[in-house]
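Protein chains: 2
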Amino acid sequence: MAHDNDIFRWGVIGPGGIANRFAGALAAVPGARLAAVFARDAAKGEAYASQWQREGEAPARVTTTLPDLLSDPTIDAVYIATPHSNHGEYIRAALSAAKAVLCEKPLVTTQAEGRALVELARTQGVFLMEALWTRFLPAYDLAGRWLRDGAIGELRAMQSSFCFAANYDPLHRQWNPALAGGSLWDIGIYNLAVTRWVLQQMNGGVCPEPVAMDVQAKMAPTGVDAAVNVTLHFPGGVTSQFRCGFDAASVNAFEAIGSKAGLRFPLDFW
Amino acid sequence: MAHDNDIFRWGVIGPGGIANRFAGALAAVPGARLAAVFARDAAKGEAYASQWQREGEAPARVTTTLPDLLSDPTIDAVYIATPHSNHGEYIRAALSAAKAVLCEKPLVTTQAEGRALVELARTQGVFLMEALWTRFLPAYDLAGRWLRDGAIGELRAMQSSFCFAANYDPLHRQWNPALAGGSLWDIGIYNLAVTRWVLQQMNGGVCPEPVAMDVQAKMAPTGVDAAVNVTLHFPGGVTSQFRCGFDAASVNAFEAIGSKAGLRFPLDFW
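Chains V and A, in that order, give the protein sequences.
The numbers in my numbering rise by one with no breaks, and the one at position 218 of the first sequence is 218.
The numbers in my numbering rise by one with no breaks, and the one at position 180 of the second sequence is 180.
Treat the hints as calculated values from the structure; they're not laboratory data.
Heads up, a few of these hints could be off.
A pair counts as met if it fits within one copy or between any two copies, since identical chains are not told apart.
Using 30 Å as the maximum straight-line C-alpha spacing, the simulated DSS-like pairs for lysine-lysine come out as follows [claimed, not checked]:
id, residue 1, residue 2
1, Lys218, Lys44
2, Lys44, Lys260
3, Lys105, Lys260
4, Lys105, Lys44
Only a predicted model underlies this, so the values are computations on that prediction, with no experimental measurement involved.
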């Protein structure tokens, strides 16, 4: 390979708002570098590359052609931060080019596509991960240890909310069905993720599937879910009640309710 | 009347654990006095009367006969703290004797009996109240003002939990169907009460009825509900999700989720 093996080189696909957060964090990671950017809009790609150029380093290379990014042997992994509707296409291309993939949540929007991509990653022997950051937060590390050590006793139930008030805009990613909009995919995925994570801590790393679900959605004029109320029923009578929505501003708490104690993330659990 | 009109004289029906809390609080109320106790067990009544006798005052008069208590012209009001299954009988007797009534929650366990007793109180011109203390807590006063002043914007949803871990005992009031046991009547009533209270604050004092309900119960061997998961659907898409149960220890938080903000009682909302 033509590059310094001590440096892990990232290619970014979709230099938007979240990719800015990614690049800002990357600057704090020793040995990691923002090396390339794929943007359909060259000017947007250039602005991103120059914004995140670090002193004494070359700016990220900008390309408007995906194969150009993926065929670059100096790129170790790609970070995908496009609207949800494009994730599958870009993941498939990156895995096929043997690039490791970190993709923003939700990875994809159907189980079938998710299974196919995981299978592709295995066939290719290439790393694929959904960028669910909560799994790596120190608070989750500590809470996970408590859960595994039996601090709450047996798990009985969970409750959570994740809502924020977003202005209705039919063209915006959040409200646009063509861009896989809707609150469940955008933020409810965190309610689902924390639910599954707690069950994993309590069940030796394995999350059982729900045996029943009660779901009610409040639909936006575009046909996507503006808010969703869910009760998931897991084996043993364990339930997870949550609400996600673009129509409200909650404190976004999470609680795991156990036979001995409750464990709460009091705000912004995600 | 044969007594000092400056003193408000209480008769207690059911001198158990909660009636001890009542008597302890009464001692802090100027002008109020524990004047009489009705207990089926005379020794229990005497122990209660002597425990709460205040220096320089006569002990409460103890009787094992309800009509004896209710025909006493010096008693201004009765406080009923028996198991739920007896509330209706004692309320009816007290109202019929023109005694004001403060009765522990739940007032009764059927809507029909509740309506009949409210009607009786109106006919008799006698005060009747369920002892739902949360309505009088300073935190509720403040939160109610915030809600009425629009601090959270439009109400979207509510979430709450009220669980504690109780040892299973088929004969205990909480688990005994003959004593109107079950978690919904014992503690879920607070989840329902806070739900209705918030809706009242947001709707000029009037709580709309739910248009739909999703309810799942976990039954104890005695046939009472050990835990209940509820989603109440109110007009306008407003929902209230809650869990109550004798099988868990939660932090018992409540949150009202609005279009502008969330309002949380972070623990022990009841």
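Right, here's what the structure says about each hint:
Proximity of Lys218 to Lys44 under the C-alpha cut-off of 30 Å is found in neither arrangement, the shortest distances being 35 Å within a copy and 56 Å between copies. For a Cα distance limit of 30 Å, the shortest separation of Lys44 from Lys260 qualifies neither inside one copy, at 53 Å, nor across copies, at 33 Å. For a Cα distance limit of 30 Å, the shortest separation of Lys105 from Lys260 across copies, 26 Å, qualifies, whereas the shortest one inside one copy, 33 Å, does not. Taking CA atoms no more than 30 Å apart as the test, Lys105 paired with Lys44 passes inside one copy only; the shortest distance there is 22 Å, against 63 Å between copies.
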